[in-house]
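Novice: Chain order of the listed sequences is U and C. Going by our numbering, the first residue of the first sequence is number 1, and it counts up by one from there. Going by our numbering, the first residue of the second sequence is number 292, and it counts up by one from there.
In short, the hints are calculated from the structure, not lab data. Remember, predicted model here, so these are calculated numbers, not experimental data. One or more hints might be untrue.
Quick list of in silico lysine-lysine cross-link-like pairs, DSSO-like style, CA-CA up to 30 Å [claimed, not checked]:
1) K97(U) / K563(C)
2) K580(C) / K332(C)
3) K563(C) / K388(C)
4) K388(C) / K41(U)
5) K332(C) / K289(U)
What follows is the residue order along each chain.
2 protein chains.
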Amino acid sequence: MTVHFNDLQKRHAADFFLNLRDRICTEFEAIETELEGTIHKNKAPGRFERTTWNRPSDDSSDGGGGEMSVMKGRVFEKVGVNISTVHGTFNPEFRDKIPGAIDSHGAFFATGISLVAHMQSPFVPAVHMNLRMITTSKSWLGGGTDLNPVYPNEDDTKTFHADLKESCDRHNPGYYAHFKDWCDRYFFLPHRNEIRGVGGIFFDELNTGNFDTDFAFQKDVGETFLATYPGIVRRHMNREWTPENREHQLIRRGRYAEFNLLYDRGTVFGLKTNGNTEAILMSMPPEVKWG
Amino acid sequence: MTVHFNDLQKRHAADFFLNLRDRICTEFEAIETELEGTIHKNKAPGRFERTTWNRPSDDSSDGGGGEMSVMKGRVFEKVGVNISTVHGTFNPEFRDKIPGAIDSHGAFFATGISLVAHMQSPFVPAVHMNLRMITTSKSWLGGGTDLNPVYPNEDDTKTFHADLKESCDRHNPGYYAHFKDWCDRYFFLPHRNEIRGVGGIFFDELNTGNFDTDFAFQKDVGETFLATYPGIVRRHMNREWTPENREHQLIRRGRYAEFNLLYDRGTVFGLKTNGNTEAILMSMPPEVKWG
Chain U
1 MTVHFNDLQK
11 RHAADFFLNL
21 RDRICTEFEA
31 IETELEGTIH
41 KNKAPGRFER
51 TTWNRPSDDS
61 SDGGGGEMSV
71 MKGRVFEKVG
81 VNISTVHGTF
91 NPEFRDKIPG
101 AIDSHGAFFA
111 TGISLVAHMQ
121 SPFVPAVHMN
131 LRMITTSKSW
141 LGGGTDLNPV
151 YPNEDDTKTF
161 HADLKESCDR
171 HNPGYYAHFK
181 DWCDRYFFLP
191 HRNEIRGVGG
201 IFFDELNTGN
211 FDTDFAFQKD
221 VGETFLATYP
231 GIVRRHMNRE
241 WTPENREHQL
251 IRRGRYAEFN
261 LLYDRGTVFG
271 LKTNGNTEAI
281 LMSMPPEVKW
291 G
Chain C
292 MTVHFNDLQK
302 RHAADFFLNL
312 RDRICTEFEA
322 IETELEGTIH
332 KNKAPGRFER
342 TTWNRPSDDS
352 SDGGGGEMSV
362 MKGRVFEKVG
372 VNISTVHGTF
382 NPEFRDKIPG
392 AIDSHGAFFA
402 TGISLVAHMQ
412 SPFVPAVHMN
422 LRMITTSKSW
432 LGGGTDLNPV
442 YPNEDDTKTF
452 HADLKESCDR
462 HNPGYYAHFK
472 DWCDRYFFLP
482 HRNEIRGVGG
492 IFFDELNTGN
502 FDTDFAFQKD
512 VGETFLATYP
522 GIVRRHMNRE
532 WTPENREHQL
542 IRRGRYAEFN
552 LLYDRGTVFG
562 LKTNGNTEAI
572 LMSMPPEVKW
582 G
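Please construct the entire structure, taking both the sequences and the accompanying hints into account.
Specialist: Here it is in structure tokens:
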């Protein structure tokens, strides 16, 4: 039996996502300032721009909304960090796609943070991170993060996975293997028989019955992302690249675009259920080539 | 009751698609040679390159295959013309998505031509054209063509639609209005509330019981495409453009990519049923930006 999240727990989650968003944006802007090398060093450091949006309500009540933070910088070619807290009623035709939504007669609450960074340098991996809390007639936490290098680098992959494993291990010795495997299965392009990137972790429908320990784990994933990814960026951001490296980066980004539009549940579901198109497509790469 | 296509009719269709392909490629290569203006005039005229592929068979028999013709030129940034003749058995889970495939126990035959052109110049519209013959327990013809300008131009839209209307009117006074409307409904991006391009015609499941007249109409659509589109290209191909025009073109191409991966039945169906990935994604724009 599901133990439901109460209003205080929902507020704690939304507050954490907002606070994490602020700290991530501060760190990413610091990275923009630190850049020394590369062809873009004479550009001004990027800064985040914020836009709020409201969800059209399904009835006369307020449907919630969100805030998009987008930076187009000299290290981060395009990074979007979206937070949102929304509630309402799913259309009947989508209820069977969401756990517990039939029994809730479509009623749902969702709060989350979603981040995608596409980098100027072909040597700095792109990254995706998402944390979410959802309630229907069920209540659960989900999230994850995965690294998408153009040129996979063993040190980066090791650092990223080791830090995630350490974070998982603090909460449950089985989590890392389980959630790493889930990530590999989820971020897979069947039509190319390729995994997108070098993985990470992915979890969903997490509700052990103890909100405090589940939420502590979710928060730890967010903190670990903030602790590990900036180091990977700094490792490579001052390295020069060639037009051939850039070309290869643009082609590899095609895989990212294909995955998002063909398979990503959040993107496809969001676009087909009247979500905020701009916020959803914030994840698309700024520039892509198909050969 | 469906009147089935016989082997001779299937061969006539496949032969026509091949012959049309050859004439289109010849005409497009002639356009490449004719270019006089624009920033690309010192590049060599593009030429088509051909690649054949075989469909992995569903049993021990031959599954057919196809031929891709791709040109990356100085007028045509990327144009692909694919012809294919394939047969086999659909997986059980996809049979309910194709008319007549449940009753045929998945058995199908399909032959067709598919063309997508993405142009160097932001002032030359991109275009899509497709003609197909399919049999399951039913038999039908389908096809269409639609124009995708970056900067819609009234003269082009008028020419394109007038030529298609004339072609439709030769066969059935109701066809143009019906198939134009079908095109507008099909090439629509609900998440942006936008029609992709300025339309054209789209028809499917055409089988009036008289193969000769149906096939004559389908052939006419192909001939009309070949008669009208090259003129539109020649109208604008020598005109210079600015970096701002190019930027706008790359952003508009994002709509094309979104449509193909999110909604296009051929693309989504092909990729999810083990089709030839390279041939299917030949339709993707060579370069795209998302803002």
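Novice: Give me the numbers of the hints this structure contradicts, sorted from smallest to largest.
Specialist: Violated hint (a single one): 4; every other hint is consistent with the structure.
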